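Asks: The chain contents come next:
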Amino acid sequence: MRGNAEMHELVAPGSLSAVLALLAAEPGQWTPIAGGTELMVAFSAGRLNAHKLVNLWGIPDLRAIEVTPQSIVIGASATFLDLRKHAVVNAELPLLAKAASWIGSIANQSRATLGGNLVNGSPAADSSPALLAYDAEIETISVRGRRRVPYSEFHTGYKRNVLVADELLYAIHLPRRFARHRQYLRKVGTRRAMAIAKVALGATALLDQGVIREIRLGAASLAPYPKQLKLTEAALLGQALTRETVLAARRALFAEVQPIDDIRSTAQYRRRVAVNLLEEFLLELRQEEVRS
Amino acid sequence: MSADGKARTNADWPAIRFTVNGESRSVHVPPMKRLLDVLREDLHLTGTKEGCGEGECGSCSVRMNDELVNSCLVPVLQAEGADIQTVEGLALESSLHPLQESFLHNGGAQCGICTPGMLMAAAQLLAHSSHPSEAEIREGLAGNLCRCTGFMRIFASVAAAARETESELAKEPVVEQTHHAR
Chain A
229 MRGNAEMHEL VAPGSLSAVL ALLAAEPGQW TPIAGGTELM VAFSAGRLNA HKLVNLWGIP
289 DLRAIEVTPQ SIVIGASATF LDLRKHAVVN AELPLLAKAA SWIGSIANQS RATLGGNLVN
349 GSPAADSSPA LLAYDAEIET ISVRGRRRVP YSEFHTGYKR NVLVADELLY AIHLPRRFAR
409 HRQYLRKVGT RRAMAIAKVA LGATALLDQG VIREIRLGAA SLAPYPKQLK LTEAALLGQA
469 LTRETVLAAR RALFAEVQPI DDIRSTAQYR RRVAVNLLEE FLLELRQEEV RS
Chain B
82 MSADGKARTN ADWPAIRFTV NGESRSVHVP PMKRLLDVLR EDLHLTGTKE GCGEGECGSC
142 SVRMNDELVN SCLVPVLQAE GADIQTVEGL ALESSLHPLQ ESFLHNGGAQ CGICTPGMLM
202 AAAQLLAHSS HPSEAEIREG LAGNLCRCTG FMRIFASVAA AARETESELA KEPVVEQTHH
262 AR
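Here the protein sequences line up with chains A and B, keeping their order.
Residue 520, in our numbering, is where the first sequence stops; the numbers in between run on with no holes.
Residue 263, in our numbering, is where the second sequence stops; the numbers in between run on with no holes.
Same shape as in the complex, but just chain A (with noise of 0.2 Å):
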């Protein structure tokens, strides 16, 4: 059945502050909007179980993207057509730029903003690999206060995560440290536009005297949620890149996934390509070795 527009309020408080005054006068009644490219989809549906929603569209200091000496600091309403467009962000976090690209299409990503992928919780959420692999921290607002949590400890379960019912997620910090990091991202989907993860894989790595001295892994489509492969990385942490690393890699990988069948792919297939894609990483990793 289509959703019935007037079955739903929507309000427009304009400010953060007024928006943030309201989710802390009926905790857990509001729904915060932002580009609609979730929410709407269910509404248009029928199935949008949300009643009361609360805009964030059009609230500038949700959408600014700042860059400091340490970080790169952007606002959760940034959409991915700001991240694309943004020089800084191109140039020191390609991953990134190259997740927003990804997005559906050139109307999604006009909308689309990067706090909502994160707080949609998919599973196959095209950001999150890359946000794992550069060590981002979430930034949450509510009347009373702020505070930072660790984007790896963001989602708690499938479509679950830190933020409590009179909080939104303000801004997402990334780090400047990755220059000289080997960087690497890749989705496998069943179409180059518009297609949801198979499965994705991002990561950076650091090697220093042929050891691998800094690695984090991230992965999409391979858990109940985006999330970083903690016993991938402790299996390469630290050790000579030779043929036996590459084996004890993909081993540790292949028992640390959890990925299930569903309309998209097999749980046999997304172990197998995450596996390969993991060892396409670590011979780029390697080349750059023998390059330099």
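Derived by calculation from the structure, the hints in this document are not laboratory data.
All of these numbers come straight from a predicted model, not from anything done at the bench.
For glycine and all other residues, C-beta sits at the position ideal for the given N, C-alpha and C.
Please note that the accuracy of each hint is not assured.
Calculated cross-link-like contacts (lysine to aspartate or glutamate; reagent style EDC-like; alpha-carbon spacing at most 16 Å) [claimed, not checked]:
hint: 1; chain 1: A; residue 1: K326; chain 2: B; residue 2: E220
hint: 2; chain 1: A; residue 1: K458; chain 2: A; residue 2: E484
hint: 3; chain 1: A; residue 1: K313; chain 2: A; residue 2: E294
hint: 4; chain 1: A; residue 1: K280; chain 2: A; residue 2: D394
hint: 5; chain 1: A; residue 1: K280; chain 2: A; residue 2: E320
hint: 6; chain 1: A; residue 1: K313; chain 2: B; residue 2: E217
hint: 7; chain 1: A; residue 1: K280; chain 2: A; residue 2: E234
hint: 8; chain 1: A; residue 1: K387; chain 2: A; residue 2: E266
hint: 9; chain 1: A; residue 1: K458; chain 2: A; residue 2: D363
hint: 10; chain 1: A; residue 1: K458; chain 2: A; residue 2: D436
hint: 11; chain 1: A; residue 1: K313; chain 2: B; residue 2: E122
hint: 12; chain 1: A; residue 1: K313; chain 2: B; residue 2: D147
Restraint-style ranges between C-beta atoms, simulated for each label pair [what the hints assert, rightly or not]:
hint: 13; chain 1: A; residue 1: Y386; chain 2: B; residue 2: G231; range: 38 to 48 Å
hint: 14; chain 1: A; residue 1: L475; chain 2: B; residue 2: D164; range: 37 to 47 Å
hint: 15; chain 1: B; residue 1: D147; chain 2: A; residue 2: S243; range: 18 to 28 Å
hint: 16; chain 1: B; residue 1: D147; chain 2: A; residue 2: A476; range: 16 to 26 Å
hint: 17; chain 1: B; residue 1: E217; chain 2: A; residue 2: A407; range: 22 to 32 Å
For this one, chain A is given, so just place chain B on it according to the hints.
Replies: What follows is chain B alone, placed relative to chain A:
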């Protein structure tokens, strides 16, 4: 019925104001009503089509504040104060927009359902990239589905329109007049 259980008439809803194709408009509709439905039902601008209703097909593409959006995914309250362009706003007076001319001459339109969305996506592309590459055209239109043409003629139409617009700009005004008289 409304959220509070009372039946409402349109006049009960507060006015939402925006500009469509250069004209100021004001509507009294539920704030969650989709921009697509407001355009079609309240403003009778039926050029904008509904395909999938979930942001996958691009049939309902319009330009809002110089950005391409799927109007099926925009609650009309978020269009408050916005500058909106629909396919009805493309043609200039009695002459077609260069993109419309080009779609006609190059077989870029068949059944026509996708055409308004294709034209708006193409208009958005050309507004920001006057001579797009084949890859840029494909990316610009990737969110617009056509089930008739096989896309190649649409890509060719956009490329031809870009060339045409460029050469128009390069021409002297007297030549432009000849073109209009034709």
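Asks: Taking the hints in turn, state whether each one holds.
Replies: Comparing the hints with the structure gives:
no.	hint	verdict
1	A:K326 <-> B:E220	holds (13 Å)
2	A:K458 <-> A:E484	holds (8 Å)
3	A:K313 <-> A:E294	holds (14 Å)
4	A:K280 <-> A:D394	holds (14 Å)
5	A:K280 <-> A:E320	violated (39 Å)
6	A:K313 <-> B:E217	holds (15 Å)
7	A:K280 <-> A:E234	holds (11 Å)
8	A:K387 <-> A:E266	holds (13 Å)
9	A:K458 <-> A:D363	holds (12 Å)
10	A:K458 <-> A:D436	violated (20 Å)
11	A:K313 <-> B:E122	violated (35 Å)
12	A:K313 <-> B:D147	holds (14 Å)
13	A:Y386 <-> B:G231: 38 to 48 Å	holds (39 Å)
14	A:L475 <-> B:D164: 37 to 47 Å	violated (58 Å)
15	B:D147 <-> A:S243: 18 to 28 Å	holds (24 Å)
16	B:D147 <-> A:A476: 16 to 26 Å	violated (52 Å)
17	B:E217 <-> A:A407: 22 to 32 Å	holds (28 Å)
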